[in-house]
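Residue numbers (numbering that gives the first Met the number 0), protein chains in the order written: chain A, 0 to 297; chain B, 0 to 296.
Since the hints were derived computationally from the structure, they do not count as laboratory data. One should not assume that every hint holds.
[As the list claims (entries may be wrong)] The following label-pair restraints were derived from C-beta to C-beta distances: (1) B:Arg288 - A:Leu77: 24 to 32 Å; (2) B:Val177 - A:Ala135: 23 to 31 Å; (3) B:Thr56 - A:Arg203: 25 to 33 Å; (4) B:Ser205 - A:Phe109: 34 to 42 Å.
We treat Cβ as the ideally placed atom computed from N, Cα and C, and that holds for glycine.
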Amino acid sequence: MRASDAVAVAIRSPNGILPKVEQPTLRRASALAARYLVLCGIAALYLFPFVVVVSTSLKPPTEIFSLPPRLGSNHWTLDNYRAAFEAMPFWRYLFNTAFISTVTVIGQLFSSSIVAYSLAKIRWRGRDALLILIVATMMLPPQVTMIPVYIAWNRIGLTGTYLPLLVPQFFGNAFFIFMLRQFFRGIPEELLDSARLDGASELRIYWSIVLPLARPALVALAIFAFMWAWTDFLLPLIYINDPQQYTLSIGLYSFFSEHGVAWGALMAAATLMSAPLIVVFLFGQRQFLQGIAFTGIK
Amino acid sequence: MAHRSVYRGLLFASPWIVGFLVFQLVPIIASAYYSFTNFNLFQDPQFVGLHNYQRLTSDDLFWKSLFNTVYLTVFGVPISLTAALVAALALNMRVRGQWFFRTVVFLPTVVPVVAATYIWRWLLNGQYGFVNEALAAAHLGQPLWLDDPPWTKPALILMSLWVTGSAMIVFLAALQDVPGIYYEAATIDGAGMWARFRHITIPLISPVILFETIIAGIFTLQYFTQAYLLSQTRFNAASGGPENSLLVYGLYLFQQGFVNLNMGYASAMAWVLLFVALAGTLLLLRLSRNRVFYAGE
């Protein structure tokens, strides 16, 4: 069995296999029509809020507050987007958010993968106990550690910087470690053993054999980490005070505080903030969805 | 050799171990200590024994917030997981363009929670919102979702139905692991669609359902951001919504800790939450003991 086959088996592909096409007899055709009807109904429900947001963001205020509410408009306009850009330094927030997200991805890629390697590929006593401990920490409510960790950062004078958000990312994350460990286990042991016989160090095996084979899982991790950091609200809310350092989440939040029910501009800002993530998702959705199926967790 | 591999294993695992000690274990111990003190961040903590815990028992807002969170867990988790399972069953049907429908159902889950919450504030707007417009078209009542205390929590649950994508994907993966031959055999024996679902699908995916219930329960107990943003009014964050109907546990803890700077009191709340989460998980495991089917046992 080739390594790539093992990897292919290890990843369950949620949307890999094409469905069989049914024979178009009348009964089958009506069953198929019923299926499409159900699916289109569900899709319409999930898509409708997007339609409302985009429509609202493109309408002048007089039409936003029309009774009864309408989706269409006679005066499509980009004014709300202009207003959103004027009311907040969007590009600044975008840069801050992208910076935090990128550092998070880099930190998690290295730290989580090396820990997962220890759990999946090095045989040592205590490794199962460590795995249980790691999984158990997923159950710990973050509120328990949030306050003492804040007090500690406050004591060394580093609240108000990005460090409290970034430093923890270099120590691995239980979800990511678990996800990668599941994936690494699918990589055949013989491959590693023959490299060991050739005198390769564990670090070298990790770096030049396991990581390249684990690319799909690493991509999934990167997308997850990116999205988590991009959408995080609570930690930036606690640690960041200077408006120059706001992330998009905090920026949108303070925009609402100041401008309240300026729905058009708010929906425009919400669209601008979500668009990059939707693009990332559409490009990486395959790995992303597989990653969820692996761990059972977003 | 054995010793060397223990060192090596520990060395490779050291990033997490160090992180665990610094960001979890020591803080947990510190949190337990703070919960027995009065501490406002500016003066040294003062030891007060069990005072914070005693105060909790007579704090109406504490009970209110606990009630709100338990409400969301007890009603919200089953409702949203059912929705996710129904969506997964539909998305598991064999049609062309399957991936398109899966993408659409998952898409809301990638919208940042801040944006998603404001979007729903607009959709649920009592006067101009499209949710009430749809209800009116169906000749149903139109609640003032975000202003009427009994309706704010249902509003939160409704909102959560839009972002069930993760659970949906997990259920979908579990459904695909059910061997098709079981269904074929049951069909030959004359089992209808419901019977197949009830006696094949549900038992075979029950471990996944249990797992998702525990995870969703734990996340719901920690609920914060959506309630914080739904109850946010101009210039007044963390208000708790009309009659504190949106004051969930995480929100009250945040108010006490980071708005009022009652760090000791908030730490005591965090410990109570930890025990509630533990008790809930154990209860769930106990209740499910005879209802979850593990293949291969």
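Outcome of the hint check:
In this structure, Arg288 (chain B) and Leu77 (chain A) break the distance hint of 24 to 32 Å, their C-beta atoms being roughly 59 Å apart. For Val177 (chain B) and Ala135 (chain A), the Cβ-Cβ distance of about 30 Å falls inside the hinted range of 23 to 31 Å, so the restraint holds. Evaluation of the 25 to 33 Å hint for Thr56 (chain B) and Arg203 (chain A) yields a failure: the beta carbon distance comes to about 59 Å. The hint said 34 to 42 Å for the Cβ distance between Ser205 (chain B) and Phe109 (chain A), and at roughly 37 Å that hint holds.
Figure legend: structure checked against the earlier numbered hints; hints not met, in rising order: 1 and 3.
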